[in-house]
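Protein chains in written order, with this note's numbering: chain A, 1 to 241; chain B, 242 to 643.
Read the hints as simulated data drawn from the structure, not as lab findings. Ideal placement from N, C-alpha and C gives every residue a C-beta, glycine not left out. Take these hints with a grain of salt, some might be off.
Taking CB as the label site, the calculated pair distances span [as the list claims (entries may be wrong)]: (1) B:R263 <-> A:A149: 51 to 59 Å; (2) A:D84 <-> B:G511: 23 to 31 Å; (3) B:R562 <-> A:N123: 15 to 23 Å; (4) B:R562 <-> A:T7: 53 to 61 Å; (5) A:G15 <-> B:F254: 46 to 54 Å; (6) A:R229 <-> B:R562: 40 to 48 Å.
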Amino acid sequence: MGTSPETRPLIELEGITKTFGEGPAAFQALKGVDMAIESGDFVAVMGPSGSGKSTTMNILGCLDVPTSGVFRFHGIEVQSLDRDQRSLLRRRYLGFVFQGFNLLARTSALENVELPLLYRGENKAARREAAMRALDQVGLAPWASHSPAELSGGQQQRVAIARALVTEPDVLLADEPTGNLDTERSLEIMELLTRLNGEGITILMVTHEEEMAQYARTIVHFRDGLVERIERGKTRVAEQA
Amino acid sequence: MFGMFGATLLLAFREIRRHLLRSFLTTLGIIIGVAAVITMVTLGNGVTASIRDQISSLGSNVFIVFPLRGDREVIRPFKEDDVEAVAKQIAGAEEVAGSVSASTTAFHNGADWTTSVQGVNNAFLRAQSIDVEVGRPFTREEESAGKNVCLLGPKVRDAIFVPDTSPLGEEMRLGGVSCTVIGVLAERGQGGGPNQDQDNTVMMPLKTVQRRFTGSDDLQYFVIKYDSAYASSAIQDSLIDLLRERRLLQEGADNDFNIIDTAQVNQALGAATGALTAMVAVIAGISLLVGGIGIMNIMLVSVTERTREIGIRLAIGALAREVRLQFLTEAVVLCSLGGLAGIALAFVLSWSLASVIDVPFIFSPAINLLSFLFSAVMGIVFGYYPAARASRLDPIDALRHE
Ligand SMILES: Nc1ncnc2c1ncn2[C@@H]1O[C@H](COP(=O)(O)OP(=O)(O)O)[C@@H](O)[C@H]1O
Ligand SMILES: [Mg+2]
C-alpha cells in the first residue's frame, strides 16, 4: 500500500459505473457512483428496487468489478485486481451476510462457521475454538451441532453472521439481511449488528425498511443507478434509548 | 496446508456417502474394468503356472515321442529296439525309456480302487525325475524277468492301505495280477493331460505290464532325456532322421510319429498368454473409458447441483484452485474407491474361479497396485474438466442459482 490508510477513508468509490450485457441489450445499472465510507461506520443503503444497491454491494464486496471508475479499499485499487487477488481480499478483510442466509445444508452450524477459517489454513483446533467463540457472540453456542434445517430463520441468519465474523473482518456486508425475517427477528439481528459495530466492525447494509435503517449512522439513498443523497451522523436507535 | 487437504478429503467422503447409490452406480464401470483386468491377469498367471508345472512334471530337456496314424491309417507302434537304437545312436541322449499303461482296479484287504498300471523301467523314472519316497526302485533282474513287483502312487496307497502302516512287502492285486509292493512314489500332482492324476497310478516293470496287461511288446510312447549342453533342435533333427530310417519312410512322406519338446511348449505358452494379456488390456481399456466418462458426467451433475455451495465458498474467499482441488479430490476419491471395490471383487472372483478351473490362485501385488493407481489417475483425468468448470463459476451468479 503506497498511501497511508490513516489519511483516507476505508472505502472510496469514484465515478463507478456498471454495465451489464453488450450492444443494444446493454444495461447500465450504475451510472457514476461516488461515495466514501470511514472505518467504523454503520451504513444503511436504501432505495427502490432496481436502483443498483446490490450491484454496488457486490462491487464493495470485491465479488464484482466496476465497468469504469475507481474503487479503493484500504487504499488498494480493487478494480485492477484479478479474481484470486479479490478472493484473498475477501478472505482477509470482508464478511458477508445474505438475504437468503446461504448456509451449507446438511452441515452443522459449527462447521458452517468454521468454513472461512479453512480457507485461511487454520488448524482444526483453532477453527473449532474461533467458531465456537463466534457462535457464542451471536448467542447460538448451544446450537453448534444443529444443521440449518433444524434452525429458525433468525437463528440461521445469526449463524451466517457468526460465519462472517469468525475471521474478524474489517467490514461486514449485508444485503437485505432481514428481508426474510419477521419484525421481531429483524430487530434482534439489528441489535446484534449494532453491538458488533460498537466493537469496531464497519457495517454496510442494504435494507428496504426504514425501521432497520434507523440503526445506521449513515444512510445512502440510491435512485436509478446513482447516489441520490447521503445522510450522515444520524442519532441511532440504540443511542435514542 | 494439511488441515485444508484433510478437510477436503473428509468433505469428498461425505459427499460420496450422501449419494451412496449414485456413487456406486457411477463407479460401476471402473469396478468392473479393474476387476476384469485383475481377474484375467491373476487367472492367466494361474493357468500359465499350472501348465508350466505340468510340463516340468514331464521333466526338463525331455522329448516325448509317440506314434501317429501313418499313411496306411494304421498305428505303427514303437518297440523296445527303437528305444535301444535311439539310446545308442543319438548323441546327447542320456536316458531313453518306453512306457505302456492300462486301466485297472487295485485290491488289497477287501478295499478296491480304480487306477491305472504303468509299465516302465528305472530309466523312465530317472528321465522323468520321479522319486521313490519309500522303499526302492526296480532291480535290473526284476526288469528283465518281468517280476510282479510294484511301486504305488501315493493316492493308491491312501485308498487301499490302512493309514500309518507300511505297505512295503505287502501283497496286493491289480485286476487279476498279484504283485508285491516294493515302494511308494513321491507326490507329483496333476499333469500330463486333463483329469490325469499322476499320483493315482501303480508302476510295474515294463515287461510285466506288456505281458500281463497289454498283451504285446508295443510301446505307447517313449521319452528321451537329453544333455542340456546339446541344442534341442539338433537332437530333434537327428532323432527324426533315425526314426524315419527305421520306419522306412519314403522321401516326401509325412512323419508317422510326433515329438513333443517341453522347451518349445513353454515358449508357445508364453506367446499365447502374451496375446491374451493384450486382448484383456484392450477390453479393460474400453470399459475404463466408459467408466471415466460416467465419472465426468456425474461430477458435472454434482457441480451443477452444488452451484450455490460453490458460490458461498467463493464469496468467503476460496481461490479458484481451492475449489478445483475440492472437486478433483472428490473425483479421485470416487475413482479410488471404485478401484478398491474392483480389487476386492477381483480377489473374490479370481480366487473362486481359480478353484473352479483348478489352477493355483497367484495374487499379483503389481497388477493390483497398478490398477489402483490407474483408477486414481482416471479420477484426475476425468474429474479435471468438471472441477475446472466449478472453479470458473462467477460467485454472484452461483449465489443466485436456483
Ligand atoms: N447480472 C445482471 N445482468 C443484467 N442485469 C442486471 C444484472 N444484475 C443486476 N441487473 C440489473 O441492474 C439493475 C440494478 O440491480 P440491483 O443492483 O440488483 O438492484 P437493487 O439491489 O437495488 O434492487 C436492475 O435493473 C437489474 O435488473
Ligand atoms: Mg438487491
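Each hint tested on the structure:
1. Remark: the range hint 51 to 59 Å for R263 of chain B to A149 of chain A is contradicted by a beta-carbon distance near 21 Å.
2. Between D84 of chain A and G511 of chain B, the C-beta spacing of about 56 Å breaks the proposed range 23 to 31 Å.
3. Between R562 of chain B and N123 of chain A the beta carbons are some 21 Å apart, a value that agrees with the proposed interval 15 to 23 Å.
4. Roughly 36 Å separates the CB atoms of R562 of chain B and T7 of chain A, a value that falls outside the hinted 53 to 61 Å.
5. Taken as a hint, the range 46 to 54 Å holds for the pair G15 of chain A and F254 of chain B, whose Cβ atoms sit roughly 50 Å apart.
6. Here the CB-CB span from R229 of chain A to R562 of chain B is close to 43 Å, well matched to the stated 40 to 48 Å.
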